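In case you want the letters, here they are:
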Amino acid sequence: MLGSRWWSVARMRLSSLLLRPRVERDLERELRFHLEQETAENRALGMNASEAREAARRSFGGVALVEDECRDMRRTEYVQDLWNDLRYAARMLKKSPRFAVVIVLTLALSIGANSAIFSVIDGVLLRPLPYGDAERLVRVFLSNNQYPKFPLNPNDFRDYRERNHSFERMAAFSRGDLQLSGNGTAVKLTGFRVTAGFFATLGLKPARGREFEWKDELPGNERQVILSDRAWRREFGGAEDIVGRKITLNSQPFTVAGVMPPGVEHPGNSYNPIPNGETVDVWWPFAFEGDVKQRGSHYIEGIARMKPGVSAAAAQSELNSIMAELARTYEGDRNWNVLVNPLYREIVGPVRTMLLLLLGAVGLVLLIACVNAANLLLARATSRRREMAVRAALGAGRGRLFRQMLAEGLVIAALGGGLGVLMAVGGVKVLVANLPAGFPRAAAIHLNETVFAFTLVITLATGLLFGLVPALQAARTDPQEGLREGGRGWSGSRRQVRLRGLLVVGEVGLACVLLIGAGLLLRSFTNLLRTDPGFRMQQVVTASITLPRETYRDKKAVIQFYERLLPVLRTSPEISAAGVGTDLPWTGYDDNVGGFTIEGKKPAPGDQFHARYHCASAGYFEAMGIPILKGRAFSERDKVGAPFALIINEAMERRYWPEGAIGRRITFGDPPKEEDWMTVVGVVGDVKDRPDRPAAEPALWWADTQMPWPFPDMKIVVRSRAEAAQLGNVLRQTVGEFDPTLAVSDVRRMDVIADESYSAARFTLLLVALFAALALTLSSIGIYGVIAYSVEQRQHEFGMRMAMGAARWQVLRMVLGQGTRLALVGVVMGVACALGLAQLLSTLLYGVTARDPMTFGAVALTALGIAVVACYPAARRATGADPMVVLRAE
Amino acid sequence: MSKPSDLIQGTLDLLILKTISIEPMHGWGIAKRIQQASNEVLQVTQGALYPALHRLEQQGWITSEWKEADSGREAKFYRLTRAGKAQLEREMAQWERLSGAVALVVSMA
Chain P
13 MLGSRWWSVA
23 RMRLSSLLLR
33 PRVERDLERE
43 LRFHLEQETA
53 ENRALGMNAS
63 EAREAARRSF
73 GGVALVEDEC
83 RDMRRTEYVQ
93 DLWNDLRYAA
103 RMLKKSPRFA
113 VVIVLTLALS
123 IGANSAIFSV
133 IDGVLLRPLP
143 YGDAERLVRV
153 FLSNNQYPKF
163 PLNPNDFRDY
173 RERNHSFERM
183 AAFSRGDLQL
193 SGNGTAVKLT
203 GFRVTAGFFA
213 TLGLKPARGR
223 EFEWKDELPG
233 NERQVILSDR
243 AWRREFGGAE
253 DIVGRKITLN
263 SQPFTVAGVM
273 PPGVEHPGNS
283 YNPIPNGETV
293 DVWWPFAFEG
303 DVKQRGSHYI
313 EGIARMKPGV
323 SAAAAQSELN
333 SIMAELARTY
343 EGDRNWNVLV
353 NPLYREIVGP
363 VRTMLLLLLG
373 AVGLVLLIAC
383 VNAANLLLAR
393 ATSRRREMAV
403 RAALGAGRGR
413 LFRQMLAEGL
423 VIAALGGGLG
433 VLMAVGGVKV
443 LVANLPAGFP
453 RAAAIHLNET
463 VFAFTLVITL
473 ATGLLFGLVP
483 ALQAARTDPQ
493 EGLREGGRGW
503 SGSRRQVRLR
513 GLLVVGEVGL
523 ACVLLIGAGL
533 LLRSFTNLLR
543 TDPGFRMQQV
553 VTASITLPRE
563 TYRDKKAVIQ
573 FYERLLPVLR
583 TSPEISAAGV
593 GTDLPWTGYD
603 DNVGGFTIEG
613 KKPAPGDQFH
623 ARYHCASAGY
633 FEAMGIPILK
643 GRAFSERDKV
653 GAPFALIINE
663 AMERRYWPEG
673 AIGRRITFGD
683 PPKEEDWMTV
693 VGVVGDVKDR
703 PDRPAAEPAL
713 WWADTQMPWP
723 FPDMKIVVRS
733 RAEAAQLGNV
743 LRQTVGEFDP
753 TLAVSDVRRM
763 DVIADESYSA
773 ARFTLLLVAL
783 FAALALTLSS
793 IGIYGVIAYS
803 VEQRQHEFGM
813 RMAMGAARWQ
823 VLRMVLGQGT
833 RLALVGVVMG
843 VACALGLAQL
853 LSTLLYGVTA
863 RDPMTFGAVA
873 LTALGIAVVA
883 CYPAARRATG
893 ADPMVVLRAE
Chain U
9 MSKPSDLIQG
19 TLDLLILKTI
29 SIEPMHGWGI
39 AKRIQQASNE
49 VLQVTQGALY
59 PALHRLEQQG
69 WITSEWKEAD
79 SGREAKFYRL
89 TRAGKAQLER
99 EMAQWERLSG
109 AVALVVSMA
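Going down the list, the sequences are from chains P and U.
For the first sequence, my numbering assigns the number 13 to the initial residue and increments by one for each residue that follows.
For the second sequence, my numbering assigns the number 9 to the initial residue and increments by one for each residue that follows.
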């Protein structure tokens, strides 16, 4: 019942608002009817027509008055007033277009920037991952002191899967690219070998066909594939009858078991990683083979769906107790812990800090824009003091004046927000196009309802925030004081000047925080660029090649292939040096080999010797421009049967043989036979895992001609002046002459690959620098506004001073001093805040501390300098005060 | 003649609600009915009646529609809503308590 009443009340209010003409007409009709009834009754009492009408009107009283009172009952005056306020505000803005443009543009820039950054945050951090019930998905790793995240052993995985009670499902996957041949040139398909129920674990289903089940894990059943939607369309033209078809992969017949729907995103992997997103072409079964007691090799990655109500911590402790049981049986399982991490954290963790930093920075910009707008509005409110006083004197209540100023704030904010959305549309495009390489979930970044809602909220919030200060001032208007002083040169605005000074101090302070952030990132970035990478980036082109196990069954076949290929490549006129190696610098390789013996040395207790391990051919170091510091590179001498040659990096020499490594020996044999010993023949310069790592890790290389086991995946590295595209053709042609089923993929310039390592740092730096520049501009406008206003107010005083003999420079100094004092307080506050906040940045910095005195000092000086420059035009105007004019105006 | 300001606050609302609880009526009819029913003691002026009607309508106690009156002309007829009936009960109860209390005080002297 209450509900129906409120409903009818709401309907009444709405129609009073929206159907105003009709409601008015009804009122008029209703009252006229009354008059006519009254007249008719009077006629019946015997009056003549005009007497009757006259009497009726008399008894009614003022029709207009009654109408007015009825109107008042509708209680819509607030809305009507708001509408009037908004219209009035728009008119006031039209009257001072320059003011309006400055304020609206600065707001639009900041709101647009906030919306754009928020759309990235929304897509990457806030949106659930594109899997069913994604919050229950976790990644499973092994972990110890040396390797915080290590892949699993396949046999361990099967034990976890059988014994655990925490997971609804558990699956594993391991990178396994395949080469598709049979229609023209061979194509490399990015692939993963997956255990049964991999997609069910992710909460996904094939669009056609089926996914793998337990039978498919048996050895011999692995020749089947599930295609991604993209690969199905690109390689097979989206053929309807694809399921069940035989296709040639790695020169073997494979059956297509299914096709996934579009939008299946790779959850990311850490071993031979490829970025998260729609990056995978094919999935094929992981077959468990070999001895189940073998627990030493780790190469599959675990993913699991927790049962509802189970936490990652609980699952982890259960798996750890399983691991402890296994360790009692298998020596290889000792000294490992299991690590269970939510998938969400695994995927977005690496960019979370950076994104939150950007959101913080852009939020500061908005805050500054707000303060700036409040400041400008306040300045204008002062010059409109007289108007306010008149309105107050005419009976406008405090609430009315307050609401009217607030309405002005809202109109400005709405204009800024509207324009800001347009800027965000462009901004998001630019952002997405320039995201750092391998940025997770880039495809999920869109302007959508959430972003628009966010924009609306911040627009309203900014409007209220910067409208509030002048609104409060307006509500305080005392008509008497305002009218008395309004005439000229009022001085009773100390409070106002102080308030505006405070706002400017705040602006400068916030801008300093941003500038310091930008400065630190800039120093860190130049440090990155200045660091010697340890290899040559220019005129080096690389490509990937994979020799399938099916056709290159043993290491002899693999060795032979490269032994024949490399000399042919070197005869090509475009190529001045060529080699192959398992790894490229700065591409995320972090695999160690441990447990070798160093002749004559013992590892520290509880530790073992370890090093990054690679395999490379003669010519690899030369082509990559990695200097041989001691000894020699690999050569034809290092053949099968000849003593094992080893090349190590400086870091390894420093760690294990500070006395000099050439001629020293290590072995992986246990117990070692004489032919197992490997002799260090050369020491090469250090290359760090990634440019922002503090130092290089110890690393060793085997000669490709002596590879201890087959390395099917190799990178070709050539030194050449030719274009990458042209070289790609040369490589494809040459490789194709040896084996037409081999695909040459990822043909890229080394400088492009290296550049990607900088892209995250560059992206953050550019954005923060952009925001800092915006903040600096805004606070300059703020300082200028305050000083210009105060000069205007004190024009009379300056004129007097000059008339009394003050020199121009003295007046100039006075004004600049006033601005500098404000800026100084702001800078001190900003520096203090930045000192407190700096630690948040530290993970993003390289080679510079978060409290770098040089950056802090430089920013403080810059901010002060810019403040002085911003004050200068106003100061010039002060010295331009003509004593005569001023005195005459008195 | 009793002006509405002489009526105890809220009494006019009660009179209106009670009057149209019998049948839907237009403003003129309501004024007439109150006048007749009170033996010409209570005269509601238009200046009080119409704002009160509009207020009651805005509050959702009564609702209105345009209908043909006895004279054959269109008039705005008011009637109680369901919420208005409940409101009338409440106002009646309150009136009885109040008038009873007043009577008590007056008869004491």
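None of these hints come from the bench; they were simulated from the model.
As the structure is a prediction and not an experimental result, all values here were calculated from the model.
Just so it is clear, CB atoms sit at the ideal spot from N, CA and C, and this is done for glycine as well.
Misleading hints may appear alongside valid ones.
[To be verified] In silico EDC-like pairs for lysine to aspartate or glutamate, Cα to Cα no more than 16 Å straight-line:
no.	chain 1	residue 1	chain 2	residue 2
1	P	K685	P	E611
2	P	K305	P	E337
3	U	K26	U	D78
4	U	K40	P	D688
5	P	K217	P	E234
6	U	K75	P	E611
7	P	K651	P	D688
8	P	K305	P	D171
9	U	K40	P	D241
[As the list claims (entries may be wrong)] Some chain U residues judged to face chain P by a derived CB distance under 8 Å, without partners named:
no.	residue
10	G35
11	Q44
12	E48
Evaluated hints:
Taken as a hint, the K685 (chain P) and E611 (chain P) pair is honoured in the structure, with Cα atoms around 13 Å apart against an allowance of 16 Å. Straight-line distance between C-alpha atoms of K305 (chain P) and E337 (chain P) comes to about 14 Å, which keeps the hinted pair within the 16 Å bound. As the CA atoms of K26 (chain U) and D78 (chain U) are separated by approximately 21 Å, the hinted pair breaks the 16 Å bound. With a C-alpha separation of about 122 Å, the suggested pair K40 (chain U) and D688 (chain P) falls outside the 16 Å cut-off, and the hint is violated.
Straight-line distance between C-alpha atoms of K217 (chain P) and E234 (chain P) comes to about 20 Å, which puts the hinted pair past the 16 Å bound. Under the criterion of a C-alpha separation no larger than 16 Å, the hint pairing K75 (chain U) with E611 (chain P) is inconsistent with the structure, at around 112 Å. A hinted pair counts as satisfied when its Cα atoms are at most 16 Å apart, and K651 (chain P) with D688 (chain P) qualifies at roughly 14 Å. Restraint check for K305 (chain P) and D171 (chain P): satisfied, since their Cα atoms lie roughly 11 Å apart, inside the 16 Å limit.
For the hint linking K40 (chain U) to D241 (chain P), the alpha-carbon distance of about 82 Å lies beyond 16 Å, and the restraint is violated. With 8 Å as the threshold, the beta carbon of G35 (chain U) comes within range of chain P, its nearest partner Cβ sitting at about 6 Å, so the hint holds. Below 8 Å, beta-carbon pairs count as interface contacts, and Q44 (chain U) has none with chain P, the closest being about 13 Å; its hint is therefore violated. The beta carbon of E48 (chain U) is not positioned within 8 Å of any beta carbon in chain P (closest approach about 14 Å), and the interface hint is therefore violated.
In this structure, the hints that do not hold are numbers 3, 4, 5, 6, 9, 11 and 12, in rising order.
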